[in-house]
Every structure is written in C-alpha cells, then in structure tokens.
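Student: Residue numbers (the UniProt record's numbering), protein chains in the order written: chain G, 1 to 195; chain Z, 1 to 195.
No lab work stands behind these hints, which were simulated from the structure alone.
Mixed in with the good hints there might be a few duds.
Remember, identical chains collapse to one label, so a pair may be satisfied in a single copy or spanning two.
[What the hints assert, rightly or not] In silico lysine to aspartate or glutamate, EDC-like type, Cα no more than 16 Å apart, as pairs: (1) Lys-2 x Asp-36; (2) Lys-53 x Glu-149; (3) Lys-2 x Glu-161; (4) Lys-21 x Asp-91; (5) Lys-53 x Asp-6.
Protein chains: 2
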Amino acid sequence: MKELEDRIRRDGTVKPGNVLKVDAFLNHQCDVDLFDQMGTEWARLFADRHIDKILTIEASGIGIACMAARHFGNVPVVFAKKTQSINLDGDQYVASIYSFTKQREYPVIVAKRFLHEGEHVLLIDDFLANGNALHGLIDICHHAGVVIEGIGIAIEKGFQEGGKKLREEGYDIQSLAIVDSMDAEAGTIEFTSAQ
Amino acid sequence: MKELEDRIRRDGTVKPGNVLKVDAFLNHQCDVDLFDQMGTEWARLFADRHIDKILTIEASGIGIACMAARHFGNVPVVFAKKTQSINLDGDQYVASIYSFTKQREYPVIVAKRFLHEGEHVLLIDDFLANGNALHGLIDICHHAGVVIEGIGIAIEKGFQEGGKKLREEGYDIQSLAIVDSMDAEAGTIEFTSAQ
Chain G
1 MKELEDRIRR DGTVKPGNVL KVDAFLNHQC DVDLFDQMGT EWARLFADRH
51 IDKILTIEAS GIGIACMAAR HFGNVPVVFA KKTQSINLDG DQYVASIYSF
101 TKQREYPVIV AKRFLHEGEH VLLIDDFLAN GNALHGLIDI CHHAGVVIEG
151 IGIAIEKGFQ EGGKKLREEG YDIQSLAIVD SMDAEAGTIE FTSAQ
Chain Z
1 MKELEDRIRR DGTVKPGNVL KVDAFLNHQC DVDLFDQMGT EWARLFADRH
51 IDKILTIEAS GIGIACMAAR HFGNVPVVFA KKTQSINLDG DQYVASIYSF
101 TKQREYPVIV AKRFLHEGEH VLLIDDFLAN GNALHGLIDI CHHAGVVIEG
151 IGIAIEKGFQ EGGKKLREEG YDIQSLAIVD SMDAEAGTIE FTSAQ
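Chain G on its own, in the form it takes in the complex (with noise of 0.2 Å):
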C-alpha cells in the first residue's frame, strides 16, 4: 500500500537491532485518517471473504482494528489482553507469547464468551516479525474452534521468518508494507514490490 509506504520512508526510524519505529503514526501516536485508508485496503483485500469478527491484540492493534471495522460491516472487535485484571474473570484462552520489544514472556487472554465456534475471524495486527503474537492469537483461535479467515498486518519485516511460516502454514496473510532490508546506519528502508 503506496501511503503507507511513503509514510514509514518519511516518519520512521531505523534503529539498530532491526527496529523499526513508527510511533510517529502507528503505535504511539496514531493518524486514523491513514488507518481509514488501511481498514479500505484490508476491505479490498479480504472482500471474498465473510468476516463475522475481527481479534486483535492490545495494545497498538485495537486502533487500526476498529478502524478497519468500519469497512467490514461495523463486525465487534475482539482485543486480547496482555494481563490479568480483576475485571478479567470466567473462562478464558490464554496462549504465552514471547515479546522481543518488551523483552518477556507475557500472557495473551481471550474470555471464552466473545469467541464462538464456527465464527469467521480476521487477525489484525500493527506488525509481524517472528510471528511470536500472532501465534498466541491462532492458538487462542484454534482452542475456540473459530476459521480463521485472514490475517491483515500493517508491516512485516519481510526479512523475519514469521510471514513466510505462516503462509506455508496456508494463512492468507495480506501485509500493507512489506520491508525487504533496512539500514540503521544509513537509514534506508527497501519494500518488497506489492504483489
């Protein structure tokens, strides 16, 4: 997706250790109009497809999901949490996931009533890397016996295993940006060309 190309050449930041910030847009600071023209595109990308309910982890994919909502018939928005909290009770998934930035192993938990079998799942989430998060949230899929549709990602580092992983896997995952290399030091970002 050009716009969101141009705009991680223009406000992000390279950073050693293969990190890419975007918080200028994305995951600190949002600009929703740019996450209304990505929930169009997943729209566009996904429209063979019915969707009763988009899952997405807290916390920088709650804003494009509800977004993106909007473009798939107002369907609720499910966010998995990252911690236990005393408004969490009942049954729930919980799958362990391992985040490189936050550097621990933390929870991810789904409350058993907001997911029901045999519905028809989108995942969204703000980046795939290794794939660590959006395995937690196909094992809580799996667990809930819902289809899991597609998985819509703002920006996949191309260079990670996790995309490539999971579409072997067969998962129809549709990446707005795909970085193929970038360069701290020189501060250069290389996009894999849209398919």
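Starting from the structure of chain G, add chain Z where the hints point.
Tutor: Chain Z in isolation, oriented as in the chain G frame:
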C-alpha cells in the same frame, strides 16, 4: 447518552466491589458503531472548542479515541503507554498512577515529541472513578504545557470522587453515562439524569 446507558443496562454486569463489567462492548469486545455514536456526541458537546489532538491511555481508551478523532477533523490520537519498551526511547513525560483494577502502581509514559507546548488537547478515557488515571494524564499535560480543552469519558462512576474533584479543579468533563448507584446483588444500575 441514551444509547450508552441502554447498552450498559443490557450488557453491563455489576460485580461486588463496585466493579462494572462492560467488556462485551467497551473494553474487551468493542462495538465500533457505538464508539462512532460516542464520538458524534463528544463532538457535539465540545463543538465550541478547538482541538489539535486527542490524548488517551492504553489499552481501552485507544478504540474510542480513534473513533472519536474522526469527528474532530481526524486529529492525531496519542495514547500514553503503561510499560517501558525498547521502542520507547528519547525524552519522555512519565507519571505514576495506581490502578485498582490491576491492583498495582504503574507508569504512564508519553514521548515528549508528541505533545507540543500550546497545543489544545482533548483527553478521552473509558472510565472515570477515582480519577487516578486521568490525574496521570493531566500531570503529563501540565509538564508538556498543553491546554486541556476538555475531558471526554464514556462511563463515570458518579458515586466515586474523581469527577467531582476534577470539576472543582475547573475541568470540563463530559461523561456520556454517569452511574449514580449500582447493586451487585440485585444487578441494578441507576444513572444520573442527563444535564
């Protein structure tokens, strides 16, 4: 706001300890159409204010803030973070707040480059009870030198002190539903009549 009160009555659950669970539509599963109506209502209530930016706090504030931003001319949404991350670098505003629902103290963090002195900011959050989270955001706003034009809250617990104290401090708080009292045993929720 009648739609929100009706929804709380229908899908909210009162738990012992003055806990109001609204995770079916507000802070675990999200009803984006309701969020959109809430945004419309805040835009009406703050129609005389010039808003440059919306500031909220992860995770539950993000969805409602992003949907609301659509009704304020697509202004940027900044969400305060609750955990340090290797993606959060540079100068930060940090305030410490205590969460009763999570039963621990945690930091709220906003990168300095996303709040500029003199900007007109609307604060948005899902709940106002004792006001701890909001006070953290307000602290950060004061440090940044931004002007707080108003505070939009989805659900205020009117029987707790947060809203009263903040109004006495002069803040223009617009809560879309104010719970006057609730009873876990009877499962009843009473709202303060609309102003």
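Student: Could you run down the list of hints and mark each one as holding or not?
Tutor: Each hint, compared with the structure:
no. : hint             : in the structure
1   : Lys-2 x Asp-36   : within (14 Å within a copy, 27 Å between copies)
2   : Lys-53 x Glu-149 : within (10 Å within a copy, 35 Å between copies)
3   : Lys-2 x Glu-161  : neither (23 Å within a copy, 49 Å between copies)
4   : Lys-21 x Asp-91  : between (36 Å within a copy, 15 Å between copies)
5   : Lys-53 x Asp-6   : neither (30 Å within a copy, 23 Å between copies)
In the structure shown, a violation is registered for the earlier hints numbered 3, 5, in ascending order.
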